[in-house]
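These protein sequence lines are chains L and H, in that order. Position 127 of the first sequence, counting from 1, maps to 127 under the working numbering, and the rest follow consecutively. Whatever position you read off the second sequence (first residue = 1), add 1000 for the working numbering.
Read the hints as simulated data drawn from the structure, not as lab findings. Remember, predicted model here, so these are calculated numbers, not experimental data. Note that the Cβ used here is the ideal one computed from N, Cα and C, for glycine as well. Among the hints, a few may not be true.
Stated by the list, open to error - Among chain L residues calculated to face chain H with C-beta under 7 Å, some are:
hint	residue
1	127
2	128
3	213
4	214
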Amino acid sequence: MTAQDSPTRSLQLTEEGQLRHFLTLDGLNRALLTDILDTADSFIEVGERSIKKVPLLRGRTVVNLFFESSTRTRSTFELAAKRLSADVLNLDINTSATSKGESLSDTLLNLEAMASDMFVVRHSQSGAPHFIAESVTPGVAIINAGDGRHAHPTQAMLDMLTIRQHKGRFEGLKVAIVGDVLHSRVARSQIRALQELGVAQVRVIAPATLLPRDVEALGCRVEYDMARGMKDLDVVIMLRLQKERMEGALLPSEREFYRLYGLNQEKLGLADPECIVMHPGPINRGVEIESAVADGPQSVILDQVTNGIAIRMAVMSMAMGGQMADRNRQSAERNAL
Amino acid sequence: MSVTSKQSSTDLALVGGRLATTDEAVTLVIRDGRIASVGRPEPDQQAKQTVDISGCLISPGFVDLCCNLREPGNGQKGNIASESRAAAHGGFTTLCASPETSPVNDSGAVTNLILDVSAKRSSVRILPIGAITRGLEGELLSDMAGLSGAGCIALGNGSRPVSNARVLRRCMAYAQTFGLTVMFSPENRALAADGYAHDGLVASRLGLLGIPEVAETAAVMEMLLLAEETGVRLHLSQLSCARSVDMLNDARQRGIAVTADVAMHQLLFTDLALAGFDSRYHVRPPLRGESDRLALIAGVRDGVIDAITSQHLPHDSAAKQAPLAATEPGLSTIETTLSMGLMLVERGELSRQQLCRALTEGPASVIGRHAVIEPGAPADLCVFDPGASWTPSARTLCSVGLHHPFPSGSAPAVSLPGVVRLTLCNGESVWSSETD
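Okay, chain L solo, but in the shape it has when bound (with noise of 0.2 Å):
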């Protein structure tokens, strides 16, 4: 399977090219992602004046749809939505219909009764935002917010467009990529948008436990010793160690790994010199990297969170862009029958 042959890029994309959805990077080619980090470049403009605005979703409604609980994603998309001016739902699905057993279908149908346009969404199980996709009426943008351990593709993103403002660049580049793999929707998010961009090379650097079957298939060289994996890097991308796995017999202790695996000045030192350090957040300090690398010069950390708005506008805008031309499209063909 090729990303151009991926299911999914039918369902995402309109017959232009366009975004419809926007739920995994599986599909989208390198146009398309440059534009929407040319897009983003754009938004990052509207947070520094002193009304943070434009009309692109005035009058439209978006809903976070988070049936997994998240501040930082849910936050910037609320407000990269208001900034949009669109009005805003937040749905704390734990406390909601799902929880009295109503099913996932019946939830969204009764949210699209409410005539919303967009649904950004977070869910424990892969594929949900899929699901969902397949399920609502036409008309609908679904936003992939991060689904079990698929992909977290406006992470990805974000995390793209802070590379190409301190890099300048993708072509030539050595990423590493640090930690959990294998629970990590945001690596293998990363792994696609490196890949597509035109990194030189991407290593997944983790014990055995923590990295997915066939890894090497998705085009990463794998490295089991931090500092071989460390050396001549321009990029290294720090994951969150999700604490509660380490009951599943997969490391022996938080200890053992910040010793393999934990970034600390002397690591960081056998990367090129002008390497960035980069987390998705939320850090575990003293676990996946100490607080000197995670402050000092070299972090890149809070750009990441600073361009995590820009990046939602642009997602928001050019599915809704796309949803609007499929409309229009469907206008056209029956008027013309």
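Use these hints to put chain H onto chain L, whose structure you have.
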């Protein structure tokens, strides 16, 4: 296919057809539910009813070693009447019914209930498989002799593994006491954990929880060793891995009494079918990689794998309307099994003879029966037109489960090869494309 009637001493004559295995043109005469003669291709002048089956092939009725009828219990997912009718539509005349019912078929009373309902409402022959452990819970031995006495043709634990090796060993030893065949789907539950997809590249890429091949192969090895020790007749159901086929072959070479089957969808699809999170392909064992698929086909071709099953598992639509991980595993397949097999024949991956053997003689021999076309044999027959095609849809399918493995809904309709024109069970027409 045309039918003519005439007052005569012979019940039925099928004329103009060819035997599916040899391509030999024959006239088949059926009397009192049995095959009276397999003769030269001439009209039978004595037949009360003559059916012209020109262009069609005649096979023994298909025998399914693994079919879920959902009765007693899950009426919203199917029942004996609906699923046996679906089976007749698919060319099946004998179904081995899974013990996974509600209540579980772990007592003679439940077996009797199944047989009673079958006698009244089933289109085809139903042979119950009894639960080898009480409630299928894998802890206490069931009343095996009682189940056998009530009519169970084998014992198994459905799709649920017996995780405790000591219990498994005792199950096998006790069943061996009575000469009963045991049927198990090999899966090490600890290794499969919460997985629902093949642990390979597709699962890695989509972030699906994987079931590694070793979850099956470790269980296969354990079962083979225990079968060798206890001497029980073991049937391994629903293999999915290349390595399992190798181990099966080795065990047979060592003289262990072991047989095996594979679900038809495992021969046609791989884990790539899950690439769009399509919950229909959420099956257990999971669809695996291409090398596994090819090894399974080779196993059928070489006769190492005795039988192809439908692994028919009908659901109501709600069971599949959820994100992939939250859906229930299983496909509704009994009506498309023949078409899937003919697709393999069209691709050159199986010969028609190998396909028919794995749907008839192979599974029949596992349960100590025969599925042959010869004078004196029960007239359990499937007459199908390999050159005709059909489209599965809510209108054309009989099963309650509409989650068949082909495009549906808004996707372009798919045309499947092979149409069952006539199914006879004990000489009685249980499916005819002209009247149904």
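Taking the hints in turn, this is what the structure says about them:
1. 127: Residue 127(L) check passes; min Cβ-Cβ to chain H is 3 Å, inside 7 Å.
2. 128: 4 Å, holds
3. 213: With a closest approach of 5 Å, the residue 213(L) hint holds.
4. 214: Holds: closest Cβ of chain H sits about 4 Å from residue 214(L), inside 7 Å.
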